[in-house]
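Visitor: Mind docking chain B on chain A? Use the hints.
Listed here are the chains, written in short residue letters.
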Amino acid sequence: NAGVIQTPRHKVTGKGQEATLWCEPISGHSAVFWYRQTIVQGLEFLTYFRNQAPIDDSGMPKERFSAQMPNQSHSTLKIQSTQPQDSAVYLCASSPRNTEVFFGKGTRLTVV
Amino acid sequence: AQSVTQPDARVTVSEGASLQLRCKYSYFGTPYLFWYVQYPRQGLQLLLKYYPGDPVVQGVNGFEAEFSKSNSSFHLRKASVHWSDWAVYFCAVSMWSEGADRLTFGKGTQLIIQP
Numbered sequence: 001n002a003g004v005i006q007t008p009r010h011k012v013t014g015k016g017q018e019a020t021l022w023c024e025p026i027s028g029h030s031a032v033f034w035y036r037q038t039i040v041q042g043l044e045f046l047t048y049f050r051n052q053a054p055i056d057d058s059g060m061p062k063e064r065f066s067a068q069m070p071n072q073s074h075s076t077l078k079i080q081s082t083q084p085q086d087s088a089v090y091l092c093a094s095s096p097r098n099t100e101v102f103f104g105k106g107t108r109l110t111v112v
Numbered sequence: 001a002q003s004v005t006q007p008d009a010r011v012t013v014s015e016g017a018s019l020q021l022r023c024k025y026s027y028f029g030t031p032y033l034f035w036y037v038q039y040p041r042q043g044l045q046l047l048l049k050y051y052p053g054d055p056v057v058q059g060v061n062g063f064e065a066e067f068s069k070s071n072s073s074f075h076l077r078k079a080s081v082h083w084s085d086w087a088v089y090f091c092a093v094s095m096w097s098e099g100a101d102r103l104t105f106g107k108g109t110q111l112i113i114q115p
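Just so you know, the sequences run in chain order A and B. Taking the numbering used here, the leading residue of the first sequence gets 1, the next gets one more, and so forth. Taking the numbering used here, the leading residue of the second sequence gets 1, the next gets one more, and so forth.
Because the hints were derived from the structure by calculation, they are not lab data. No false leads were slipped in.
For the chain A half of the interface with chain B, some residues (derived, Cβ under 7 angstroms), not all of them:
1. Ala31
2. Gly42
3. Lys105
Computed cross-link-like contacts, BS3-like style, restricted to lysine-lysine with a CA-CA straight-line distance of at most 27 angstroms:
4. B:Lys107 <-> A:Lys62
5. A:Lys15 <-> A:Lys105
6. A:Lys105 <-> A:Lys78
7. B:Lys107 <-> B:Lys49
8. A:Lys62 <-> A:Lys15
9. A:Lys11 <-> B:Lys107
10. A:Lys11 <-> A:Lys78
11. B:Lys107 <-> A:Lys105
12. B:Lys49 <-> B:Lys24
13. A:Lys78 <-> A:Lys15
14. B:Lys107 <-> A:Lys78
15. A:Lys105 <-> B:Lys49
16. B:Lys24 <-> B:Lys107
Where a beta carbon is used, it is the ideal one built from N, C-alpha and C, also for glycine.
Just chain A, with the same shape it has in the complex (with noise of 0.2 angstroms):
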């Protein structure tokens, strides 16, 4: 089991370049999660699927970001026209139902 994995570990882009994120689950759990972690908010929510399906995307900044799912073995997050304000560790994490939930190492995003 090697884990919820995210790549790339780090990207810097150029203001106004578009970013992709990626995430592979744990084979088996139904539950896929983004958060943003900055020094100044911390840990903020962001989106989750389950089996897929969005279920709950109150946490997206509702212009530029968006998420998907289109199979269970990876998800994406997706920034367009990057923001230095959008430099942060971005963490995707899965879990099976209402047990314990496992992060990624993370991607730690820098607009420049």
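Guide: Same frame as chain A, now just chain B:
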């Protein structure tokens, strides 16, 4: 809405000393509570979890936590800290009792170990 407060941004303890990290929660329902640890450049790892029942729960590496409904608290304790405990600790509450899955985290407490 649910919330978690960790009042101490940073705690410094001497190696071998006891530790308490504080966590207060606000949740209108039955809380499921967690402590996670984050080592440098790593993701979050679960230390322990509280599901309604015994208020004292044991976790990995000698950590334990005590749930108090009257104080709305879930403090983390360890009898004797080791240098390897240097990390950031996050308290979290789930919304499972409302049928939702996501966790709400506190801002975290940085634990610093003095030799």
